[in-house]
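Next come the chains, spelled out residue by residue.
4 protein chains.
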Amino acid sequence: MQVQLNPTGVLNLLSQLEVDLLQQSSNSERYRLFRNCALAVLNVGSHTDSSSEIYNKYQDFDIKLIARERGIKIALDNPPETAFVDGEIISGIHEHIFSVIRDILFICQRHQEQINTPREITHMVFDMLRNADALEVNSDPNIITCWGGHSINETEYQYTKEVGYQLGLRGLNICTGCGPGAMKGPMKGATIGHAKQRISSNRYLGLTEPSIIAAEPPNPIVNELVILPDIEKRLEAFVRTAHGIIIFPGGAGTAEELLYLLGILLHPENAKQCLPVILTGPKESAGYFEEICAFIKSTLGEAALEKFEVIVDNPELVAQKLKAGVKEVREYRKERGDAYYFNWTLKIDNEFQMPFAPTHQNMSALDLHLDQPTQQLAANLRRAFSGIVAGNVKDEGIQAIKQHGPYTLSGDTSLMKDMDKLLRAFVEQGRMKLPGSKYIPCYQIKA
Amino acid sequence: MQVQLNPTGVLNLLSQLEVDLLQQSSNSERYRLFRNCALAVLNVGSHTDSSSEIYNKYQDFDIKLIARERGIKIALDNPPETAFVDGEIISGIHEHIFSVIRDILFICQRHQEQINTPREITHMVFDMLRNADALEVNSDPNIITCWGGHSINETEYQYTKEVGYQLGLRGLNICTGCGPGAMKGPMKGATIGHAKQRISSNRYLGLTEPSIIAAEPPNPIVNELVILPDIEKRLEAFVRTAHGIIIFPGGAGTAEELLYLLGILLHPENAKQCLPVILTGPKESAGYFEEICAFIKSTLGEAALEKFEVIVDNPELVAQKLKAGVKEVREYRKERGDAYYFNWTLKIDNEFQMPFAPTHQNMSALDLHLDQPTQQLAANLRRAFSGIVAGNVKDEGIQAIKQHGPYTLSGDTSLMKDMDKLLRAFVEQGRMKLPGSKYIPCYQIKA
Amino acid sequence: MQVQLNPTGVLNLLSQLEVDLLQQSSNSERYRLFRNCALAVLNVGSHTDSSSEIYNKYQDFDIKLIARERGIKIALDNPPETAFVDGEIISGIHEHIFSVIRDILFICQRHQEQINTPREITHMVFDMLRNADALEVNSDPNIITCWGGHSINETEYQYTKEVGYQLGLRGLNICTGCGPGAMKGPMKGATIGHAKQRISSNRYLGLTEPSIIAAEPPNPIVNELVILPDIEKRLEAFVRTAHGIIIFPGGAGTAEELLYLLGILLHPENAKQCLPVILTGPKESAGYFEEICAFIKSTLGEAALEKFEVIVDNPELVAQKLKAGVKEVREYRKERGDAYYFNWTLKIDNEFQMPFAPTHQNMSALDLHLDQPTQQLAANLRRAFSGIVAGNVKDEGIQAIKQHGPYTLSGDTSLMKDMDKLLRAFVEQGRMKLPGSKYIPCYQIKA
Amino acid sequence: MQVQLNPTGVLNLLSQLEVDLLQQSSNSERYRLFRNCALAVLNVGSHTDSSSEIYNKYQDFDIKLIARERGIKIALDNPPETAFVDGEIISGIHEHIFSVIRDILFICQRHQEQINTPREITHMVFDMLRNADALEVNSDPNIITCWGGHSINETEYQYTKEVGYQLGLRGLNICTGCGPGAMKGPMKGATIGHAKQRISSNRYLGLTEPSIIAAEPPNPIVNELVILPDIEKRLEAFVRTAHGIIIFPGGAGTAEELLYLLGILLHPENAKQCLPVILTGPKESAGYFEEICAFIKSTLGEAALEKFEVIVDNPELVAQKLKAGVKEVREYRKERGDAYYFNWTLKIDNEFQMPFAPTHQNMSALDLHLDQPTQQLAANLRRAFSGIVAGNVKDEGIQAIKQHGPYTLSGDTSLMKDMDKLLRAFVEQGRMKLPGSKYIPCYQIKA
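Chains as they are written, first to last, in our numbering: chain A, 1 to 447; chain B, 1 to 447; chain C, 1 to 447; chain D, 1 to 447.
You may find that some hints are simply not true.
Which copy is meant is left open, so a pair is good if it fits within one copy or across any two.
Here are the computed lysine-lysine pairs in the DSBU-like style, where the Cα-Cα straight-line distance is at most 30 Å [as the list claims (entries may be wrong)]: (1) 73 to 327; (2) 161 to 283; (3) 73 to 347; (4) 297 to 283; (5) 334 to 446; (6) 417 to 297; (7) 402 to 321; (8) 334 to 64; (9) 297 to 347; (10) 347 to 64; (11) 272 to 421; (12) 73 to 272; (13) 438 to 272.
No lab work stands behind these hints, which were simulated from the structure alone.
Everything numeric in this text was worked out from a predicted model, so none of it was measured.
Sequences and hints are given; from them, build the entire structure.
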């Protein structure tokens, strides 16, 4: 099966030099990156979250760019069928392919050299969002970033839809990591809310990165997809574009996001930052939040609990609080002359910005003792959960685990116990992996 | 509670003369019509389908037009709260209020004189749709009219959503009678399908009429609402704008629609008309369709069964068939130079066009014998079911039943038996009225 | 030569009943009206202002409506060639044809019955402008109506362009009677001004009527053309939509407009009306304005002179004053809750609203004595000049003069003398007719 | 006088890093470039074409970027008053300021490193046009590049307007070097033509470069302004975006353009290129074209004359030929799968791409002998005229001449004679400089 896609968007305006960059012949590493991301967005109907499995299944998939008089055509060999309706590619997926090309080219061309200073890293995050037209200069604050598990139960899923609906009715837009579960529900709900409110400028912003995109393929409702180069830049993009954050129940990835956020918000320079954060879920999930709060309290302390609010089983209240919250964000930024579309003034320490490679060595070396500064601890915990996500669903992580066995995490006994307890709960509640397979932990906790 | 709505749409351009037409002081009958329709669209969250009950509940509701420098403001006294989110009216409902004003004014101003000839009636239907901007001159055929019950079970409801989703993925638009149940599901589903296909010109056309609007209030997804003056013109609008028709399970209203459609399609002059019609539902509803088909066969004969197709439990196939069907409609009309946006050439006999008032006298006088021409029989059966709908949910019908007892229907024994059987099935399956009340039949069948 | 025009605009949505209304076979009077207006807009390159001459020249011109699947096609037999570029009709002219159809149909359908009360007349003017989409509800006041001669010299023409340019630079829109000369110059100038200011919602509103349209064909820059049924409704449309008025040098028609305007503004109920009026021209035309002012002073009195301002040779100042003026109009209307888009509160007496037929009898019967109320005198003087315009350029007027000789005007000697002087000046300055023919007066003044 | 401009366009989305790049403090050379270009676009009403004079006159002009919550504000100290209408900057000029920022930033950021290969140079030209949104992927070929003098007489100017009008009526867009004279006339004319044809996607593309922009400030009708880094890239942008080329009478700059074009078209690899080229002017300018043709013939030979057509005094024919020509361009490119929006396949030799710095040394060293390959000769002649333009109107050229006296050109006697003759004619016809100053040649010809 071969399919040709017509050019669309500004992306059809590629120079020959750029087309060459993405050809298989020119550079196999770059081509592999491009091909895998393209495959991931085409594979949205997937029922597995194992990147390796997906890449294995579609070994005969191929993608090529062909120059034509009205722009660049894309030729696909053996693409996943779920991307098509009666032989026609779904437009949303078609757009995502172009987002992939745009962002891979951007990463290859504009920021080839090493970027290391916080200023350069932040500029790159900004530059990629701008290049993707994902910064709206004339809008009031209205982006609610929703985090939460890709694997959640039906009750939780319906709840995320209802929250999305209530946000949509209030004219708020949704940003997520753009996979299934808690990343999809709020967008579906908001779509109906926006339709009832006749909002045609509705935004469903999906932020992803090459190593997670296959496990969490962007659902086609996402109408602005940005592929950041790594998880750290993706997290920075989340927090700098958000005007409010919701955290639904989730697993290791959600824990990583929460720890990243708290680590930043606890920085003294961010003490006055205005950013409403709400943890919410249906009443059946009340226990989950108690567990999370207990973990945060025992690791990052009471102060961390003040950075967010927990609301159980009340989608309308969540939406009302965030509606009020983004108004405060507006006031706060207006007073200071800060941009609405990008939170330049949020202080993000270098240790939250620098990429963490979850090798076995790096994982074992993580300092997980309680007697270190809170932010430092938050940064290290963030890295630990980030590694577990890699081991669960990312291609390289899975390969590494297959080869070397589970990661080893060690540190203070009490901390290790808390962590073990939390992770076991995630496993029991089926939050680590999509249903259908028995979960085998990719880590072991050493006291 | 008083609320003022800002002017919106072209409707804010009213002359003082027109504003006066809709004031309480000027003409109480016209004002009552206007007020009741406005109340109906505001009352969309309603859990009853009894028009009388609704009008009773909101006796202190009032609506006024006020001229302002940028158009006409609307003042509402004591509107239903479900129309508002945090004190702001939902935009979709706001638009519906203006549709009400537009159409009531139209009916009052432009067609005051009696119109009786088929040509004038059809022109009026056209004129109202045009005035409502509901005729798209530059589109290819893509309107799928969906009929079905306002009171259906959850399985059937999910099925209508899935069909809508599959239609939406294929770029088809939805037209319904715009109440709950089978009138809402396809629109919700299509909204998600359209979002994935990036279709921003998505149309959710709702056709209603003053006596049904309270029982079947337009859901806010409807983005084009037209209030035709009576059920006959509404039915004509349905069939002349449709490029394909789906009939989901339903009760007396759905039976009325099916009989109207078959009565017309069986007219010899319509023998060559191209209009795909599909009856569909989940596998649990297979029995329903068997019953309907049996009734049609024994009343209108085998030939009537050839005018439609029954597809059980296959939303994708339904959508594929209709996608193919509208292409044929396009070819057919193109060949003949017929308009795409309005089926001028469909022959509708006068007896299907002339309003039928479901008084007790008219109902008893209905000729329900088998020994009459098929179309004649279809027309009379249509009237019978139309009367039952009135007795079930329309204000005037309910009042008449309260005063005079149930309608009496009589005719050939075998026909009466078939009808009785069908109606009993509707009752048992809960299709006559929304759940929550015991259904007391508004009719009695005499052999 | 036969040309077919594709349907465009909402007008392609005609019902068969409406198409029939405009067919030659159905009603010859209505068809003649339609045909002549269509011919007039096609004949925009014309070098004559004699309606009779134009109708004579194109006796073999014919126009037909043909129903097609995507709307109504128009077939033209032997249209004037100047409407075409390389065989393709100029889009602006194409649109004008549709405006003709829209307005002729409107006049035929909606207001067939006699309308006589001021309220009904004003409603009709409003209704036609609304139907033509010529009322902008969300704009601040910005319409400058420009009056002036269709036959002016090159210096005056360049001056009108410069004034238009300065208005355009300030975001003001132009409304004129839409013929050549002072009706075209301001639009051309404003087009350049608007382009420099990137104003894409630029409006060039042309108001005309069937008996003048051939003599003053709308130039294709006019992007909103409305054909009112008669000169009185056209004048009412001018003053109710204008937020400021400029009067350039002109002949009898311009005098008619000025007298109409002053007659209304002098009404006591209009004493507080806010409407800036400026008479302007190049320094070479200073004498013209002195003459006009003298005539106004001796007929309507000093008070009339206070209703306008004369600015000679200063386009920038004219534009600045009007920019300031429309701001005052905005304040004035906002305070009172008056509409911006239509001046409902302007009092127009019945004698300015009722059509005046310039027959020989009516012309001789005009009461042109000074000893009558000022507004009455203004109304009668307006009629006198209106008649002269008819005798100069309108078909019926020209025919009547050909048959019965010049109109006779009589009244107070001094008034007659003033009038004679003014008219002679118009003749000498070439303002009565386009250059190229010797002007033979259509009137005679009796003391 | 200090003025602040609100952010507009995508350009308001600057990162702090980028804002810093354009601050005076950061890099004086870059800041000077930015300031001078900004001054040039503000100074559009200028009556001199001497860059030095302009920079001298506005020594106290200053420009600063200031970050604000909704983007970047621009603060101007002592800007030229002609850019403002009643204290408000003209929108077109406002946009041009943003084009300056966009392109200066682009040049500074993206292509800092040396680019030398033809492929890289062409990619940069493409990249800048794309970044400026000046490549329209979905349009059929319709860009007519108009070259010609900035200093032409009134008859010639009116002629360029008429040609522009005829092009506009045919839906063709205009690209020029965006100064006065022949660069402005076609745009003004086309504006009226486009208005009559209701073309709202009208494009007035101006291509300039930092050293010429002050002498030829973009007129505000230009709605897409691109500042290429040097004259060679500007010329490449002209020929790769053009679908047809008109050359009006002009001076040294026009000669440079013609020689550049012919040098390229004479390349054997371009033998089949489809690009209509027309030299045209009013009948009074017939002599001018004879002179030019004679010069071309005696230098580049007969073959060069076949690359263009001369049409005297027939704007309509010019427009018709180009309309037909762009259709051929479309066919040609479609057949080959070439892009419509950028002529990738046109072969441009390195010697036409590499920047030529018109120093006294480089000018004297130019090889102006006839016994060299034709393209080589064309390239050198192009450089000679380019140097003369610099000496006439560019800042650095003027300074160099002031310091070292006129450039010296030498070569074959007959060639020198022809050149001298042509240049004298330019001087006599006032084509070298805007009227108002006596022209002192910046060159001397040595045989």
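>> If the cut is 30 Å between Cα atoms, do residue 297 and residue 283 qualify within a copy, between copies, both or neither?
In response: Only inside one copy: residue 297 and residue 283 sit 22 Å apart there, 52 Å across copies, limit 30 Å.
>> If the cut is 30 Å between Cα atoms, do residue 438 and residue 272 qualify within a copy, between copies, both or neither?
In response: neither (45 Å within a copy, 59 Å between copies)
> Between copies, within a copy, both or neither: which fits residue 73 and residue 327 at Cα up to 30 Å?
Replying inline: between (44 Å within a copy, 23 Å between copies)
>> Cα distance capped at 30 Å. Does residue 402 pair with residue 321 within a copy, between copies, both, or neither?
In response: Neither way: residue 402 and residue 321 sit 45 Å apart in one copy and 48 Å across, limit 30 Å.
> Between copies, within a copy, both or neither: which fits residue 347 and residue 64 at Cα up to 30 Å?
Replying inline: between (41 Å within a copy, 26 Å between copies)
>> If the cut is 30 Å between Cα atoms, do residue 272 and residue 421 qualify within a copy, between copies, both or neither?
In response: Neither, since 33 Å and 72 Å both go past 30 Å.
> Is it within, between, both or neither when you check residue 73 against residue 347 at 30 Å Cα-Cα?
Replying inline: Cα proximity of residue 73 and residue 347: across copies only (24 Å, versus 42 Å in one copy).
> Using 30 Å as the alpha-carbon threshold, which applies to residue 417 and residue 297: within, between, both, or neither?
Replying inline: within (14 Å within a copy, 73 Å between copies)
>> If the cut is 30 Å between Cα atoms, do residue 334 and residue 64 qualify within a copy, between copies, both or neither?
In response: between (47 Å within a copy, 21 Å between copies)
>> With identical chains, the pair residue 297 and residue 347 could be close in the same copy or across copies; at 30 Å between alpha carbons, which is it: within, between, both, or neither?
In response: within (23 Å within a copy, 69 Å between copies)
> For residue 334 vs residue 446, is the C-alpha pair at or below 30 Å within one copy, between two copies, both, or neither?
Replying inline: The answer is neither: 49 Å in one copy and 67 Å across copies each exceed 30 Å.
> Under a CA distance limit of 30 Å, which applies to residue 73 and residue 272: within one copy, between copies, both, or neither?
Replying inline: between (49 Å within a copy, 26 Å between copies)
In this structure, the hints that do not hold are numbers 5, 7, 11 and 13, in rising order.
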